[in-house]
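**Student:** So you can see what is in the structure, the chains are spelled out below.
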Amino acid sequence: MLKICYIRKKHKISNMKILVCISHVPDTTSKINFVDDNTKFDTNGVQFVINPNDEFGLTRAMWLKDQLQATVDVVTVGKKECEPTMRKALAIGADNGIRIDAQAIDGYQVAQEIAHVAKEGAYDLIIAGRESIDYNGGMVPGMLAKMLGYGFVNKCVQMDIENDTAKITREMDGGKEKLSAKLPLVIGGQKGLVEESDLKIPNMRGIMMARKKPLNVKEPQNPQHKTETKTFEKPAPKGEVKMVDAENLDELIDLLHNEAKVI
Amino acid sequence: MSILVYTESENGKFKKASFELATYAKAIADKTGKEVTALTINNDNPSEIGGYGVSKTLDVKNDQLDKFNAEVYANVISQAAKKVDADVVVISQTANACYLAPMLAVDLEAGYASNAVEVPETDNGFTVKRTAFTNKAFNHTDISSDVKLVGLSTNAFGAEKNEVDVSHEEFSPELSDDLFKVNVEEVDKNTDKVSIADAEIVVSGGRGLKDPKNWHLVEDLADTLGAATACSKPVSDMGWRSHEEHVGQTGKPVASNLYIAIGISGAIQHLAGISASKNKVVINNDPEAPFFKAADYGVVGDAFEVIPELTKKLKEFQAKNN
Chain A
35 MLKICYIRKK
45 HKISNMKILV
55 CISHVPDTTS
65 KINFVDDNTK
75 FDTNGVQFVI
85 NPNDEFGLTR
95 AMWLKDQLQA
105 TVDVVTVGKK
115 ECEPTMRKAL
125 AIGADNGIRI
135 DAQAIDGYQV
145 AQEIAHVAKE
155 GAYDLIIAGR
165 ESIDYNGGMV
175 PGMLAKMLGY
185 GFVNKCVQMD
195 IENDTAKITR
205 EMDGGKEKLS
215 AKLPLVIGGQ
225 KGLVEESDLK
235 IPNMRGIMMA
245 RKKPLNVKEP
255 QNPQHKTETK
265 TFEKPAPKGE
275 VKMVDAENLD
285 ELIDLLHNEA
295 KVI
Chain B
5 MSILVYTESE
15 NGKFKKASFE
25 LATYAKAIAD
35 KTGKEVTALT
45 INNDNPSEIG
55 GYGVSKTLDV
65 KNDQLDKFNA
75 EVYANVISQA
85 AKKVDADVVV
95 ISQTANACYL
105 APMLAVDLEA
115 GYASNAVEVP
125 ETDNGFTVKR
135 TAFTNKAFNH
145 TDISSDVKLV
155 GLSTNAFGAE
165 KNEVDVSHEE
175 FSPELSDDLF
185 KVNVEEVDKN
195 TDKVSIADAE
205 IVVSGGRGLK
215 DPKNWHLVED
225 LADTLGAATA
235 CSKPVSDMGW
245 RSHEEHVGQT
255 GKPVASNLYI
265 AIGISGAIQH
275 LAGISASKNK
285 VVINNDPEAP
295 FFKAADYGVV
305 GDAFEVIPEL
315 TKKLKEFQAK
325 NN
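Residue numbers (this note's numbering), protein chains in the order written: chain A, 35 to 297; chain B, 5 to 326.
I should point out that these hints are in silico values taken from the structure, not numbers from a laboratory.
Just so it is clear, CB atoms sit at the ideal spot from N, CA and C, and this is done for glycine as well.
Just so you know, not all the hints are guaranteed correct.
[As the list claims (entries may be wrong)] Partial list, computed: chain A residues near chain B (C-beta under 10 Å):
| hint | residue |
| --- | --- |
| 1 | Pro60 |
| 2 | Lys113 |
| 3 | Arg121 |
| 4 | Gly141 |
| 5 | Ile167 |
| 6 | Gly172 |
| 7 | Ala179 |
| 8 | Phe186 |
| 9 | Asn197 |
| 10 | Lys201 |
| 11 | Gly208 |
| 12 | Ala215 |
| 13 | Gly222 |
| 14 | Lys252 |
| 15 | Asn256 |
| 16 | Leu286 |
[As the list claims (entries may be wrong)] In silico DMTMM-like links for lysine to aspartate or glutamate, alpha-carbon gap of 25 Å or less:
| hint | chain 1 | residue 1 | chain 2 | residue 2 |
| --- | --- | --- | --- | --- |
| 17 | B | Lys297 | A | Asp76 |
| 18 | B | Lys20 | B | Asp227 |
| 19 | B | Lys316 | A | Asp288 |
| 20 | B | Lys193 | B | Glu173 |
| 21 | B | Lys297 | A | Asp194 |
| 22 | B | Lys214 | B | Glu309 |
| 23 | A | Lys212 | B | Asp182 |
| 24 | A | Lys65 | A | Asp288 |
| 25 | A | Lys216 | B | Glu167 |
| 26 | B | Lys214 | B | Glu189 |
Could you put together the complete structure from these sequences and hints?
**Tutor:** Structure, rendered in structure tokens:
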């Protein structure tokens, strides 16, 4: 049974502590295939990277580190194969890495594992991508916030910290919304938090330093997961494209009207 | 036991996704011998949802809920679910619903399957088919908790009229101060433009348009079709168009009925983000553009000639058919 702590402590930010949650995912260009009767993702030839939505958050955390002398820890839930991804996060500039040594099964379990570490670390700000690009669950940041009794803002495209308050812009359908919340806080990050061109790329010095930085392996709490993938399925192959001559756009309109029935 | 649908309203009216969601919940209810209850928040005409298979509504009217606040709304939904003893809760996948969903799941101690595309299999457990790997695949997810939370992908199921007798009950949830951790200060919504999430048709431009000055071509075509405008990643990265228009794996997903791509070559990440669209038209001057392989209809031609001509012909078509 999950215990939820609703007591909110008074917050004074002197040495701000930030936790960035990292998901180890297949690169966006990966071919998606499955093995073992479609029960497992085929990792053969697949390159793994920091989940892009997490990477925007990590770079934003680096800026806060420079600006507010914050410490930035990175955490992931996964087995040893996640370590190169975590080393990359350290090379980008995170101070400490934490790997919770468990196979990630669902968002609920991952959020509970991270909540345990987050409570111990008493972080002021926790940043996690709005979703991972593999399972697209969109669960961990919101669940984590609720489990910790912290505020939560999803799909952040802008964030500034003033004293103990975060001023945030979030994206919504057809617009934006400005919000404010007291720390501690969890945010769901994405592109916009920093620009693509601002993403920090590890340099040689960062890579050398990352080798010496701590990457602590923690025993998992092993909470019960609530969902589990049974099988995967690839989309049915697409039918042939119908080509229409550029000189005969009436035909395109006719197809859209009579065949696709969309206009 | 019942199935609870969280319906979203804007300015007192149901959002379109609510009718699709009610239809979906009714399909689950018919399979499992249950009834559908809809939760409405500050809606002026809750009886409208009865036309889509809902037999009961719980209606909340509360000024404190005038502005969407995710944690508060999540808690209201969980109170409603407990009140009607719901073991299945269904929500849409609008930005707001995606925002509140994980907090709702924790409130209900529910397993959550987002991006559902079909009615769950309930013969042996509760298995949801959902999209994963940004539409490059599906996974079949078992939910094992007592209460199950399902998020239905936009436009995956369709709304279907189904008149049933509907009863209404006022519902006054308790809103504790602790839920208001995040303050909404300012909402900046484009009210004069269709959003990508709500649009039936999306017209999208890529680098092939050569210059942001040429975007009137995309906009004219979109206006003619009542469509939303979108763009590819390089276009947003170069600052030609704002981020809100970026569609693809790291941008917004598109699940419209018609997606028209102009001057977009079709990188794998772009294709993933738009693949839930039902019909794709690709207009590109390069016959080798990979996008044609993923398209339903293709036109090889110069966008600067094809687009104005298409817009003109569509206007003629509309004049004739109205």
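**Student:** Does the structure break any of the earlier hints, and which numbers would those be?
**Tutor:** Result: hints 2, 3, 9, 14, 15, 20, 21, 24, 25, 26 break, sorted rising.
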